[in-house]
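Visitor: Sequences listed follow chains A and B, in order.
Residue numbers for the first sequence, in the UniProt record's numbering: 1 to 217.
Residue numbers for the second sequence, in the UniProt record's numbering: 1 to 795.
These are calculated hints, taken from the structure and not from any lab test.
The hints are all genuine.
Covered by chain A, per the in silico footprint, the following chain B stretches (three or more residues, Cβ under 8 Å):
no.	stretch
1	634-642
2	648-656
Below, in silico cross-link-like pairs of lysine to any residue (SDA-like), each with a Cα-Cα straight-line distance of 20 Å or less:
no.	chain 1	residue 1	chain 2	residue 2
3	A	95	B	339
4	B	750	B	708
5	B	374	A	99
6	A	95	B	340
7	A	41	B	186
8	B	639	A	16
9	B	639	A	14
10	A	95	B	709
11	A	95	B	350
12	A	95	B	347
13	B	129	B	76
14	A	95	B	378
15	B	180	A	166
16	B	639	A	19
17	B	287	B	50
18	B	49	B	38
19	B	489	B	515
20	A	41	B	237
21	B	750	B	773
22	B	598	A	16
23	B	137	B	87
24	B	631	B	696
25	B	28	A	44
26	A	41	B	238
27	A	134	B	243
28	A	191	B	242
29	A	95	B	706
30	A	95	B	114
31	B	25	A	47
32	B	344	A	101
A virtual CB, placed ideally from N, CA and C, is assigned to each residue, including glycine.
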Amino acid sequence: MELNKKETLRYLGYKGQHMDLEISNLIDEASEELLHSIHPKSVYKEFDCMVQNETTVLLESLSINSRNLAKNLKGCERAIIFAATIGASADMLIKRYSITNLAKASVVQAAGAALIETYCDTLEETIRNEAILKGLYLRPRFSPGYGDFSLEYQRDFFTILECSKRIGITLTDTCLMIPSKSVTAVIGLSKSKNNCLSEKCTSCSNTACEYRDHYYI
Amino acid sequence: MNFRNILGTRMLFFDGAMGTILQSKGLKPGEIPELWNLTHNDTILEIHKSYLKAGCDIIKANTFGANPFKLKDTTYSCEEVVTAGIMLAKDAVAKTNKDAYVALDIGSLGKLLKPLGDLEFTAAYEAFKEICIAGEKAGADLCLIETVSDTYEIKAAVLAAKENTHLPIIVTMIFDEEGKLLTGANVAAATAMLEGLRVDAIGFNCGLGPVQMQKLLPDLHKVCSLPIVVNPNAGLPVVVDGQTMFNVDPDEFADLMKDIALSGASILGGCCGTTPEHIEKTIQMCKDIQPLQIVDKERSVISSYSQIVELNNKPKIIGERINPTGKSRLKQALREDDLEYILKEALAQQESGAHILDVNVGLPEIDEVSLMEKTIIGIQSIVDLPLQIDTSNIEAMKRAMRIYNGKPLINSVNGKQDSMDAVFPLVAQYGGMVVCLTLDETGIPETVEGRIKIAEKIVKEAAKYKIEKKDLIIDTLAMTVSTGQENSKITLDTLDYIRNQMGIHTVLGVSNISFGLPQREKINTAFFTIALYKGLSAGIINPSIEAMMNAYYSYCALSGNDEQCINYINHFSQSTENKTSVSNLQQDQVSLFDAVVKGLSESAYTAAKEMLNTKAPLDLIDEDLIPALDKVGQGFENKTLFLPQLLMSAEAAKSGFHAIKELLAKKGNVSSSKGTIVIATVKGDIHDIGKNIVKVLLENYGFHVIDLGKDVSPEQIVQTAVENQVKLIGLSALMTTTVANMEITIQQLKTALPDCKVMVGGAVLTQTYADMIGADFYSKDAMGSIRYANELFAV
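For reference, chain B alone in the conformation it holds in the complex:
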């Protein structure tokens, strides 16, 4: 019978542990268990048979760690080991004459993906692809992706299985007792992503025993609309005489599993420490239980790598600041590849109360596809809010959805057939909620009925791709009221109908209503409040505009969406405090020089802005900023100041420069620099805090710094250095193992650019070591690099 059809209709049983049994049969510590498929095939066959005799429906082939990374140093290929594993499992099924399924068991690659780790998403995908193709070819009935603890790795594995096989996909993850994955996702966030990717069943395995999994189960059951799998260890590991043991015996295990089945899991099995006896007793205890009916939870959710945002009666704020339209400073940042500026905008909006961030990087003269990808990855490496991928470029949308860690919001599709034909397949493939604009080939209807009709058309077309209403969010299009008296009313009446009659969530780009009018904030606020009242689920606004957030918090309190007005109180009691502290600061205003020396960022910004009214930017740098930095730098070198103090001053100086950059961007000028320096943490090294410190200081001293990041190949460093014909390159490395890559990089640099200078720094380096690898300068701390760069560029 088709596996997908029986999932969730009756209790199904996985087998138990393989690894811990192999250890008891002589597998040595450090030996790769999957190689036993080829060297000890009888043992593996016997284990499978014993589980089949215990009565299980699905056996996990011994392929858990059969991946190209773990098998790299063996004489076997991934395909050989996977094929042997599947064949053995199938053989066991045939020999026992059981009606059972064979799962291609896919474990974690054992490497962490970027940005936390060093593995590229695409490299992870390729590795999983190799496993999946081999597994299906050898005859697996399903893919079990298990013992994974990073949503990004899970996404790579699911995509590989989905795009290269026709097999059903089950995913079980390791959560800790607090219900978090290693990289921070809670149960709801992981579920949102996996449901978006349309896997067939979701659950827990490893890490915890049945007691702890039972406690986590309600979290999953509450949000999950798919069959649930629970494969616990035989208890939490305990160390006895230096060896890890699992102590829950078969009877106790079976009892606990029964509770788990009654709480809503319909697929049960075991992980580390479980035996055929555990499974047999569990089957006896649970086989006649009728699984709880699976109910669609009808939740409209999007997620980041760690958390969800659910659209419901409480409206949400989508921060609109990362969109270059009408923003000269952001345009400049996009053109100059200044990701840091964008990241700061993202963090600032989060601070201001945004729940979701819009990301639009479309500028005519830039490569939107690669910049979108880079920006999404960059933001997701530091901000845990879900993102709205905002682009009309379908290739950019596709690439961004593919590498997005979580379930994104997509902006947008519209009623044009072309648009639906392009966007809906992507949503079906990668998952996501999608903003639907009520316009089509005929334009934007000027009637409520016209817009509703388009919404209905979109809903119908989405259904063809099995995209449900819960994953649509309709934009009824705010049009400026200055060109049509009726514009606001049409938008709002349509919104009212869609939200309250059709039961679909709604969104608006709120500020469009006031285009062409003076004091736009005033009318925007009023419009926003009415829209919220009519049922706006999410407003795309600028959360740093106080009036808009005032309207938002007030509406939530008045509409019964703010219990005990707690958010209102928190927000406004805080903001009064802020005001008093700001005014205090203004009373005893400090000079730019003092602000930098004392490390006061806000004061430095205010002072610089003030002084720029009367002083030329260059004079401000030479007469105030640099002397202040010199003073602090000297203090650091004389050891009257220590690192955090130096860095606070560096941050303050940066705020001062920020004021200058704003002014220049407004005037359309590009800031001049003393010279360009390329810096990077060398290949293989991931510790880059020292390099980041050097970067900020160099920038403070007026250098243009091209920061290539960490784990950068010699080739990329050389290419960038040559392209920009730079005089100076700064390299950092922390470990002895990576200093070797530093040496290779220096050699290649000297060949390609004989006149360039290379300065190096990092924990294990010494002057002798630096000389040995051919560096021109060894900087023992951040200030050393400043001195060297200043000398070099002064000539």
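So that you can see chain A by itself, here it is in the shape it has in the complex:
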């Protein structure tokens, strides 16, 4: 996998400030260290998908109540649920550097966030290539916690995908994932190319966010 320094910098709140060699080296060093310690793993399953009405989606036996997800999946007959992680090393490094070098901790945090996104993009690409053979197109991935898609659905996703057994992600009582650099999402598969552009930051209602990527607005 490759590091995406631009994304790492965005997560660090970088807005074109002057960067001396020390900082630049620190960012490269911490990112490289993380890159060499990650263990990316993923799991996914495909389901029949039915958008029952404006607020309800049915993925086989799992019924999800979310207006935003229903909008995202409208017109899809199949959908994939996937989970991916870069492993626990990012959390371990952050913990260690929080004691010895907070600046490095912040970089590992940002680089980890960028890396898991890159990994999900790669995974999505694999899924896209498989889907295209069947004449299906991918909707932008949509995760629990986006818009009105409740985090509580993480519990169902975790049981369905056997996340803890297969790829070592576990869930806290409050539905947060550990390792923290992990993602779960639904990807709709539709026969038409409509609504298939990546949304990323645009689907989020927090327009005041420090980290909002203005490219997408």
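The hints should help you fit chain B onto chain A, whose structure is shown.
Guide: Coordinates of chain B only, in the frame set by chain A:
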């Protein structure tokens, strides 16, 4: 026949998959397979019977996920589901008239333990305890702890099985292709811990297929002195049409399993994707193989949560810095509950080359039992070296051994009957190597013979607890040479005999030799070198003293324990570079102000130390440190600097404060503060980097910060705030789900301490949101909290 007695004497066969077969029989995604024990008992019974007909010796009851966490939202109790599962398996054995054993199948709880996760070790233990008790009561013949990938969870499960049942315990773990568990342990480390805990067999299951497990097997075989289990998946999972498949067919599987048996595994079976046919063919292929004889590997090892240290001909360094004796700054840190200082000491010693860290927190005025526990957990959350639990308080020793993640070194037992009666049962229970002092009721013998006799007595007594010589390390006691000419010779001659005649490892607290003498380093180094030559296995020293490490690296090179002198070369070519860079720095010495602004930690420390010769600490803070921080903070707010730059400066300022604290500790003064602030990441939330940043900045500005950590309950925050009567509390939360807990915390704080102010921050928060939950201040970044705290405390 007693299961323990046949283990390893002939090939034994587990059954194969349950879950993947249930899926093919209609188990829906997300449905809990163990509930089928009650709803589809015929199906489960049939599956067991088909495996028994295939000829297996052990069937896994359908209890893998029957734990209180997974069953929480069902109408069934853990005991009901476990009991039904065991009964079905026993029923299948009875109906097929086979001579087979039923394993209580215990899987991972599906939650990660602290410090990485949110589950307490004791909560995990209690959950496993419930499962184990129910399983034994229902008639299980053994416990199989399987598909686990975190040594800490494994330890909780093994202790629960060991302390609440009489059943044999088998543990099989998920390693990845590189031979690592999820939380980082390699095969040797996991084995060291499990052998210490005295389980009955160890092995692999799930995650990998037979080909990959075969590759990992030598790693296990090399270190393991127990029967080995291999239960692979039917190959690596492949996704076909969005569904997970396992593609190794029964014939190929059986062929591969034969190789595995010939490489030393004596218990075989299958995991995901395997079927009765896989197992039947494997049994046909392997049943007549005579298992390799199990050889005691005679290894003296201790482990951390990820790696081992083996005592052998290459001596090891035990870092002695975490011991308050004679260290005023550490004493202060212990009294003030300053864990961070201790963690830094731990990391510094690791950097200096220590292999093992001694941990001693005994001070007369503190609660050693809880502090020891807290310190061990704290160090193990960031340092991957094995630890030496150093205490004379048996309760503290016990609690520390219990929660230690790995196989610890214990310091110490001695020849007194009382001591042996207290310590050896703990070693037998929790595992560990133990330092044995050659003294007893009569004191410390002044002869070589006297000390050897005590060592022999200890070895004999240890054997009663089945603690072998390989798990003992004898301290022949360095006594100061200033009070007795013969002292050094007695110690060294005893050491020589014990290491070379008795074949037991040795250890010394090296610097004791020079007590009362000037320039102790000089004589310590000489003594250390002689001791190494006589056969010292591990020296308890201060690894930051260059002369001692010089002696160490030189000895290793000269004694043939440093191939091609590689460690020597690495160490010393590096340290010359260090020296030049330090002297360069000294040439263009920067002021404290500039060092902080530029984010240079070492220069900030040196500059502060230098300036403290002529400037009062308070002036240094007000005239140099704070103005520098203000400048950087302003830059951050104006966006001319970004986060890592702010943090580098914060670290540099911290180094400056470190110099001040050292000076004050030496004078016996406590540093004054602008006021006390309690900060915490709220219950349910585990993302605390933002809170940690705020903490460092607040401390830089002279506030005393009580950091309660992450996932902190409202009650604990309120209690701490009330006890300390604080004016300001800072709370962080990352997710919408945990902001709810933030609101509850604020309500409780306002009830208990109506005048207190609460500032909040975190990714999902906004001013509106903060107002809604009743916060007094919303800080959009770390500098915001500084401004607010400064305003609040200026009044």
